[in-house]
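Residue numbers (this note's numbering), protein chains in the order written: chain A, 7 to 117; chain B, 3 to 158; chain C, 10 to 130.
No lab work stands behind these hints, which were simulated from the structure alone. Note that this is a predicted model, so its numbers are computed, not measured. Glycine included, each C-beta is placed from N, C-alpha and C at the ideal position. Check each hint, because a few of them may be wrong.
Calculated pairs, PhoX-like style, for lysine-lysine (alpha carbon to alpha carbon, straight line, at most 20 Å) [claimed, not checked]:
no., chain 1, residue 1, chain 2, residue 2
1, C, Lys125, B, Lys121
2, C, Lys32, C, Lys51
3, C, Lys125, C, Lys13
4, C, Lys125, C, Lys16
5, C, Lys125, A, Lys15
6, B, Lys95, B, Lys77
7, B, Lys77, B, Lys11
8, C, Lys35, C, Lys16
9, C, Lys16, C, Lys97
10, C, Lys97, B, Lys35
11, C, Lys32, C, Lys16
12, C, Lys51, B, Lys121
13, B, Lys120, B, Lys81
14, C, Lys83, C, Lys35
15, B, Lys120, C, Lys51
16, B, Lys35, B, Lys63
17, C, Lys97, C, Lys32
18, B, Lys35, C, Lys51
So the derived label-pair ranges between C-beta atoms look like this [as the list claims (entries may be wrong)]:
no., chain 1, residue 1, chain 2, residue 2, range
19, C, Asp53, B, Glu5, 46 to 52 Å
20, C, Lys83, A, Lys15, 50 to 56 Å
21, B, Phe145, C, Lys83, 51 to 57 Å
22, C, Thr11, B, Glu131, 51 to 57 Å
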Amino acid sequence: MQLDELVRKLGLRVCCAEGSLGRDVRGGYVGDLLSDVMANSREGDIWITRQVHQNIVAVASLKDLAGIILIQGSEPTPDTAAKAGAEGIPILVTDLPAFEIVGRIYQLIHS
Amino acid sequence: MAEPLYFEKSFDVEGGSFQNAGNVSGQIKGILKDLGVSTDIVRRVAIICYESEINIVSYAKRGTITLTVTDEAVKIETKDEGPGIADIELAMKEGYSTASAAVREMGFGAGMGLANMKKYADHLIITSELGVGTYVRMMVMNFQKILHPDLPSITL
Amino acid sequence: MTLKDVKEILEAEVLVGSDQLEKPAKTAFAADLMSDVLAFAKPDSLLLTGLTNPQVVRTADILDITAIIMVRGKKPSEETIKLAEELKIPILSTRYILFETSGRLHARGVTGCIEKVGGET
Numbered sequence: 007m008q009l010d011e012l013v014r015k016l017g018l019r020v021c022c023a024e025g026s027l028g029r030d031v032r033g034g035y036v037g038d039l040l041s042d043v044m045a046n047s048r049e050g051d052i053w054i055t056r057q058v059h060q061n062i063v064a065v066a067s068l069k070d071l072a073g074i075i076l077i078q079g080s081e082p083t084p085d086t087a088a089k090a091g092a093e094g095i096p097i098l099v100t101d102l103p104a105f106e107i108v109g110r111i112y113q114l115i116h117s
Numbered sequence: 003m004a005e006p007l008y009f010e011k012s013f014d015v016e017g018g019s020f021q022n023a024g025n026v027s028g029q030i031k032g033i034l035k036d037l038g039v040s041t042d043i044v045r046r047v048a049i050i051c052y053e054s055e056i057n058i059v060s061y062a063k064r065g066t067i068t069l070t071v072t073d074e075a076v077k078i079e080t081k082d083e084g085p086g087i088a089d090i091e092l093a094m095k096e097g098y099s100t101a102s103a104a105v106r107e108m109g110f111g112a113g114m115g116l117a118n119m120k121k122y123a124d125h126l127i128i129t130s131e132l133g134v135g136t137y138v139r140m141m142v143m144n145f146q147k148i149l150h151p152d153l154p155s156i157t158l
Numbered sequence: 010m011t012l013k014d015v016k017e018i019l020e021a022e023v024l025v026g027s028d029q030l031e032k033p034a035k036t037a038f039a040a041d042l043m044s045d046v047l048a049f050a051k052p053d054s055l056l057l058t059g060l061t062n063p064q065v066v067r068t069a070d071i072l073d074i075t076a077i078i079m080v081r082g083k084k085p086s087e088e089t090i091k092l093a094e095e096l097k098i099p100i101l102s103t104r105y106i107l108f109e110t111s112g113r114l115h116a117r118g119v120t121g122c123i124e125k126v127g128g129e130t
């Protein structure tokens with residue numbers, strides 16, 4: 007499934023890197039500890055997190071993640087958004103908490 | 003007519019070690035339950051105390067948490083011997099943090115502590131002096147009792 | 010759904026609270042940041058997390074959480090187990106990652122303990 011399909015079906019708000027929404031989503035990873043995400047996420051995962059500081063962009067970029075979903079209406083800090091835009095890493099925002107958005111993504115991926 | 007409720011107690015919190023972090027908050031939760039304080043207020047005070055305790059453990063050498071319970075309100079005062087906060091307004095901002103990597107690995111230090119304390123308290127003031135320490139006073143009001151003084155001491 | 014069902018769905022190992030498996034489990038909150046849990050989780054929910062330190066147990070106690078589900082097969086320290094036993098908070102350990110754990114429980118009817126953020130305290 008492509009990112010733009012997730013955006014459409016889950017009503018996500020696109021914060022930056024709209025040009026990269028054609029990326030393929032192969033799985034998902036939830037985590038707020040960057041060392042964990044660095045160690046255990048896989049290429050093509052959509053990353054669901056509460057962290058908003060700019061280090062998330064570096065992690066997503068290094069691990070070739072499909073994109074980042076910020077939960078509970080969290081906004082990326084301006085430097086995070088700028089960096090993500092420059093590196094073409096889509097940052098998407100939902101008002102839902104992690105459990106609920108993951109449940110819905112899981113269903114879309116497995117249906 | 004029942005005696006008006008009054009309870010006060012201070013607790014010492016040791017800085018630096020996560021070994022006992024949360025112990026005081028657990029005790030305070032138990033005390034409030036025993037006093038018959040309503041579930042919602044117990045929960046809010048417990049969260050406030052826990053974030054306060056984590057702050058003392060994460061940043062200060064030592065500190066105290068003082069709990070005062072009356073019919074109208076629960077007051078939580080924290081005082082620590084720590085580095086102090088240079089810019090309180092900035093520190094209150096969600097996401098701002100000066101926490102160490104060790105604190106972050108514990109699941110704290112994401113810059114949400116003070117914001118949480120403010121969220122659950124009806125009133126919060128902070129004063130801080132660099133190199134000396136920080137004082138925080140928070141109130142959780144029992145509005146039901148204030149609006150209906152004739153109700154029994156604390157209603158559920 | 011009860012903790013027993015949760016155990017089966019997640020092929021989990023019960024580390025603490027094998028006598029509490031009849032407890033109902035209808036809602037859940039997933040996070041690694043304990044301050045996030047303190048800000049939003051509701052009483053009587055499951056707490057799904059990648060952390061295993063004693064602060065997870067403290068947080069669960071403060072919030073009256075039904076049970077802690079530790080993901081990725083990580084085993085807590087002796088200290089964490091002892092505290093959970095003392096405070097009577099069940100701990101289940103599953104080998105699934107947090108994404109899979111959340112997805113499986115959600116697919117079986119567990120819902121988020123809050124709908125969305127904003128307005129509530």
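(request) Compare the distance between the alpha carbons of Lys125 of chain C and Lys16 of chain C with 20 Å, and conclude whether the hinted pair is satisfied. (result) 27 Å, violated
(message) Between the alpha carbons of Lys125 of chain C and Lys121 of chain B, is the straight-line distance 20 Å or under?
(response) Since the Cα atoms of Lys125 of chain C and Lys121 of chain B sit roughly 16 Å apart, the hinted pair holds (cutoff 20 Å).
(request) Would you check the hint for Lys125 of chain C and Lys13 of chain C, treating anything up to 20 Å between C-alpha atoms as holding? (result) 28 Å, violated
(message) Tell me if the straight-line CA distance from Lys125 of chain C to Lys15 of chain A falls inside 20 Å.
(response) 17 Å, holds
(request) Mind checking the hinted window 51 to 57 Å against the Cβ distance between Phe145 of chain B and Lys83 of chain C? (result) At 43 Å between Cβs, range violated.
(request) Starting from Lys35 of chain B, check that the Cα of Lys51 of chain C is at most 20 Å away, please. (result) 18 Å, holds
(message) Can you confirm whether the C-alpha distance between Lys35 of chain C and Lys16 of chain C stays at or below 20 Å?
(response) The given pair, whose Cα atoms are some 14 Å apart, holds under the 20 Å limit.
(message) Hinted pair, alpha-carbon criterion (20 Å max): Lys97 of chain C, Lys35 of chain B. Please report holds or violated.
(response) Holds - the C-alpha atoms of Lys35 of chain B and Lys97 of chain C are around 17 Å apart, at most 20 Å.
(request) For the pair we were handed, Lys77 of chain B and Lys11 of chain B, check the Cα-Cα distance against 20 Å. (result) 11 Å, holds
(message) Checking one constraint from the list: CA of Lys95 of chain B to CA of Lys77 of chain B, max 20 Å. Satisfied?
(response) The given pair, whose Cα atoms are some 23 Å apart, is violated under the 20 Å limit.
(message) Check whether the Cα positions of Lys120 of chain B and Lys81 of chain B lie no farther apart than 20 Å.
(response) 16 Å, holds
(request) Decide if the proposed pair is consistent with the structure: Lys32 of chain C and Lys51 of chain C, CA atoms, cutoff 20 Å inclusive. (result) 16 Å, holds
Checked against the numbered hints above, the structure breaks hints 3, 4, 6, 14, 16, 19, 20 and 21 and satisfies the rest.
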